[in-house]
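Visitor: Let chain A serve as the given structure and place chains B, C and D on it in line with the hints.
Which chain is which? The protein sequence lines are A, B, C and D, in order.
Start counting the first sequence at 1; every next residue gets the next number (the working numbering).
Start counting the second sequence at 1; every next residue gets the next number (the working numbering).
Start counting the third sequence at 1; every next residue gets the next number (the working numbering).
Start counting the fourth sequence at 1; every next residue gets the next number (the working numbering).
Honestly, the hints are just simulated from the structure, not real lab data.
It cannot be assumed that every hint is accurate.
A pair counts as met if it fits within one copy or between any two copies, since identical chains are not told apart.
[Said to hold, decoys possible] Here are the computed lysine-lysine pairs in the BS3-like style, where the Cα-Cα straight-line distance is at most 25 Å:
#, residue 1, residue 2
1, 279, 42
2, 188, 339
3, 270, 43
4, 279, 43
5, 222, 339
6, 270, 165
Since we're looking at a predicted model, the values are computed, not measured.
Protein chains: 4
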Amino acid sequence: MDKFKIGIVGATGYTGTELVRLLVNHPEVTIQFATSETHAGKKLSDVHPHFLDTTDLVLCSLNDFSEFEPDLVFLALPHGESMKFVEKHGTDSFIIIDLSGDFRLSSAEQYETWYQTPHTASAFLEESVYGLPELYRHRIRNARLIANPGCYPTSAILALAPLLKQGYIDPGSIIIDSKSGVTGAGAKARPGTHFPVLFGNFSAYSLVNHRHTPEIETILEKHTGIATEVLFTPHLLPIDRGILTTTYSKPVKEISNEVIEDLFHAAYEKENFVRVLDKPPSVKNVRGSNYCDIFTVYDRRTHQIITVSVIDNLMKGAAGQAVQNMNIVFGLIESTGLKQIPLNP
Amino acid sequence: MDKFKIGIVGATGYTGTELVRLLVNHPEVTIQFATSETHAGKKLSDVHPHFLDTTDLVLCSLNDFSEFEPDLVFLALPHGESMKFVEKHGTDSFIIIDLSGDFRLSSAEQYETWYQTPHTASAFLEESVYGLPELYRHRIRNARLIANPGCYPTSAILALAPLLKQGYIDPGSIIIDSKSGVTGAGAKARPGTHFPVLFGNFSAYSLVNHRHTPEIETILEKHTGIATEVLFTPHLLPIDRGILTTTYSKPVKEISNEVIEDLFHAAYEKENFVRVLDKPPSVKNVRGSNYCDIFTVYDRRTHQIITVSVIDNLMKGAAGQAVQNMNIVFGLIESTGLKQIPLNP
Amino acid sequence: MDKFKIGIVGATGYTGTELVRLLVNHPEVTIQFATSETHAGKKLSDVHPHFLDTTDLVLCSLNDFSEFEPDLVFLALPHGESMKFVEKHGTDSFIIIDLSGDFRLSSAEQYETWYQTPHTASAFLEESVYGLPELYRHRIRNARLIANPGCYPTSAILALAPLLKQGYIDPGSIIIDSKSGVTGAGAKARPGTHFPVLFGNFSAYSLVNHRHTPEIETILEKHTGIATEVLFTPHLLPIDRGILTTTYSKPVKEISNEVIEDLFHAAYEKENFVRVLDKPPSVKNVRGSNYCDIFTVYDRRTHQIITVSVIDNLMKGAAGQAVQNMNIVFGLIESTGLKQIPLNP
Amino acid sequence: MDKFKIGIVGATGYTGTELVRLLVNHPEVTIQFATSETHAGKKLSDVHPHFLDTTDLVLCSLNDFSEFEPDLVFLALPHGESMKFVEKHGTDSFIIIDLSGDFRLSSAEQYETWYQTPHTASAFLEESVYGLPELYRHRIRNARLIANPGCYPTSAILALAPLLKQGYIDPGSIIIDSKSGVTGAGAKARPGTHFPVLFGNFSAYSLVNHRHTPEIETILEKHTGIATEVLFTPHLLPIDRGILTTTYSKPVKEISNEVIEDLFHAAYEKENFVRVLDKPPSVKNVRGSNYCDIFTVYDRRTHQIITVSVIDNLMKGAAGQAVQNMNIVFGLIESTGLKQIPLNP
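Pulled out of the complex, with its shape left as it was, chain A reads as follows:
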């Protein structure tokens, strides 16, 4: 069989290069094109020398798009840019997996409230499918526009969905305390990501107004049918890759550690990329891989349920999950090209 032809729009940022890393070695696809407006005409390995000898990919401009007939296009663009692409090209000619936040929320209003900018392709919001396979695999199979989940939401939703779905916790009590490595902030150097600023440092940011808050609430609500409100606080870890999310919620049923463990094992036993642990996870145990590791514990004393989950933000939190979605939509085995064993140490 011929390989599927895919394209990557925005191939030189962190999610873009992670897509290349995965797809170059993927047995069922070929990268037909990869764009970069800044570096069009250069070899990818001239921009990112770690790719030397691994791919001959030459970056092109989005202006050359008409030359290609891809089966699927990954959009690794900043939010606001993806919607322009979708508006222009529609979803008839090829499948789109968008890694930005543009098609994750329910409505243009919600988008505008949290992103502080108008949504110019709201007609496609309805059609878009949230690309979290563990929740929406059946819909992803037939999707034409997949909104690849945010990194924080992936770690939080996978940890909370089983509890909420089965009615174990109060949907108004949820606190999400997340800690992310710096690649989550993108490849562009900023004063706040200057090495001496972050080395040996740690801080919270975007308190009470981070854009992943409505994404988490919206998806949990859609999935469970229960109105859900979360307080989400991100923190910046002085490492390159990895997210750890700790959640706190109040049980509304009689509960025990055994019950919760059974619940999570049942929810994820058939999943390729969710590992339910019997001890607290570490971000390095998923580095470079597509795994999400989850641990839960019930505190009898304070009557709270704690979950701790970890992902590699560039893998299960971005490019890895995007490839997982691609595999699903192409009818491939879901783990194809995603069997990287975590790089630890």
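Guide: For chains B, C and D alone, kept in the frame of chain A given last:
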């Protein structure tokens, strides 16, 4: 006036060397002796070469203790060891500032529950004063036995006490999510603190059963008179120094950001070492100093109060606070010897 | 065709787990057994949770060795242990790739001088082949005992061999200044690898007496036929993986940057895993991969040649190179199972 | 006695804030003004919150300079900017300590060759004194314009000067392999200092053409009277503070470790800030302090002398040394305000 004579028992661990760093340059005290059973007879600078040329201190054994007549002794010992010293020497001949957990809790029973070992000097529990100057300065002045606070509790109590004391929050709703640098685990190499294990890593540990839980609850209860229950979750940051603590609690009164800010400014405006900020703090902004930086925000949407506080765990979380306590008990200006400006970058 | 059956002796250290990471996904081999005396009977994923769901491997004791009939055995043992295994089992029944230093030097005398311990299997020194494919591929093909190179020597020899072999540099002038990540020191926690000791730190160690000195000299001499003396200074980088080696040597012929570049391109153009760069390399550009990146420059002013080379010490410096050797000795395509693209960022 | 009045021009970069850290607690000086063109009118603690409560300093513009009558001005400016200030203000009204490279070299020609820009205040080159107290204390005492040494040169010159001065080494054989933390690159965020780029990374840069090369040669020549040529290679360490410099040189006399040790002890025994060690130094052993730690060893086998020296690049490599120079020129005890004990861990 003659300088005060002080001794340090256990001078080669991290809190011990941090005490030496502060006291060598303290204008009102002289270090009469510093003990180490492992290294007795050696110069401190032979064990820790960064002290070369800064002090001639020669380590001695606790067996030589009778040679000295100190005004005050710092115990920088593991828990369990401090109580033996106190039991043997009592508190009549000199003041004791204990940096272990042995005299922080209310009762031998509570100690034995959380520390899993009997308390053999429980007669002194009553007499001991919890050495958090911002709450107990008046009692510290006349204390003979000061239980220097734990690092996590310092960061959490300073952030929660004003809210609880003034009745702003539900004392049963408190969640404390803390993140600490690795020096908090002590100077002894362990498999879990091997550099390649922690580099680029992050994890939660001691879920629901960390010993600082009852310390935080006990002190908040004593201070406010209100029964308080907290869920405390520590995490291990891949840095050397620094704690950041995020707390979540439910208001029980009408509240606003202005009200909370005023509350914290009022609580700490006369304090030398608590800085109330108008933006989220960073651990590097207090590195090497005795400051605790605190930021608060109220989330109208989820009706939660968030506090974020940072300290250097070896300073305000251990040795710096111990010197602050010493200054108080000696009647010195409280900031004497503690004016180190944070080392940033 | 049936897969080759391989065994790993010492599977829980850093080179052992890296071998597992590579071999689990290797299409032409099956791991028949993996030993650990400490953890025999446990699943590898219980000892190293990042392997969960990626392999069902159960660790066994070396005492169970007689149950197996492997085609090839990797020895990921400390020096001194490998020679015992080789002495006991010989090289008739299966091929051995030894990752320790036991079979890299020329003679028992040289070994005893630098390793300070007698060599008890010196009869095998003659037979052993130094497993640096770029120099000894033809001999590796028929080897029964392969001495897998040390991490520092790999980075130094690949950078110096072309210059020496073609007679461009004075073989008595060579200075090698190397910097290695901490995994090079092994998986065992030691006082010197305690996280707070190394975090933010950097130092030189083993000045003038590191065991890789005679290895570098011996191999360069054997390869070039020229008596060679090097001054080798290792330093400890506060990172987990990666070696960067800077060498300095005096040209003995008229030379230019163009001449050197041509020399290196010619030497390595057919190599899968050596990339000759036109700018200085970074260790992160080879992280998790089997590449060695090399850059050279001639300083007209001081008349010195500088080379800078980088490898991942656990890959091209240990397990990756071992798998490359295995591929050669099995007659497989040399890059089989070694196409991991560097994990950057 | 009245305190000396000093000013800092360029107070918000890394050397500027380090000067403030030292001078706020200096007992003999008062900071009369501190400039920042970007942040004029703001409190320093608004720009750098770690200064909160430690100083009320309000930044002003250089345009306000005429309001002040300082005794001494520190120029913490980029090269090229300092010469403009010196040209405009001369050295009659106040002493100048320039932390840029503008007045370190011998001639305008040399400057233009290495800095690629004309020198517009070359009339002052003659008058300027190189501010390395260990070599030039007697001249610094009466200087009006002090060229504060570069960070790399400080670490290299202190390690090489005793050997060269006493004729122990071949002045044409010197190799300097240096490794610096990232604060050496300044406070401005650049693509190459983006946290994810440098985290876990290490590389060499500016091979054969770094500007500190002629500075090292010039000063060694002036000091020893011997024409000296060095090959200097800098590398970028993934830490915030600290330089380690390894040098290699060929002895030209009979030599032994004892002879070299005696030489260094003799050279530095009266120095406050140079510590001659009997084992290899670590950068963390000088963090936050003004010390330079030096270790030497002679390799009998290859007949080379190795030195390893460490400094905190912002202290002995910049601001600490500048304050040391200020103390000398003011006739104060040289260590005044510089007794910070290294912050380790």
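Visitor: Does each hint hold? Answer for all of them.
Guide: Hints and how they fare:
no.: 1; hint: 279 - 42; result: between (47 Å within a copy, 16 Å between copies)
no.: 2; hint: 188 - 339; result: neither (29 Å within a copy, 28 Å between copies)
no.: 3; hint: 270 - 43; result: between (40 Å within a copy, 21 Å between copies)
no.: 4; hint: 279 - 43; result: between (44 Å within a copy, 16 Å between copies)
no.: 5; hint: 222 - 339; result: neither (30 Å within a copy, 41 Å between copies)
no.: 6; hint: 270 - 165; result: within (17 Å within a copy, 50 Å between copies)
Against the hints set out earlier in the document, violations occur for numbers 2 and 5.
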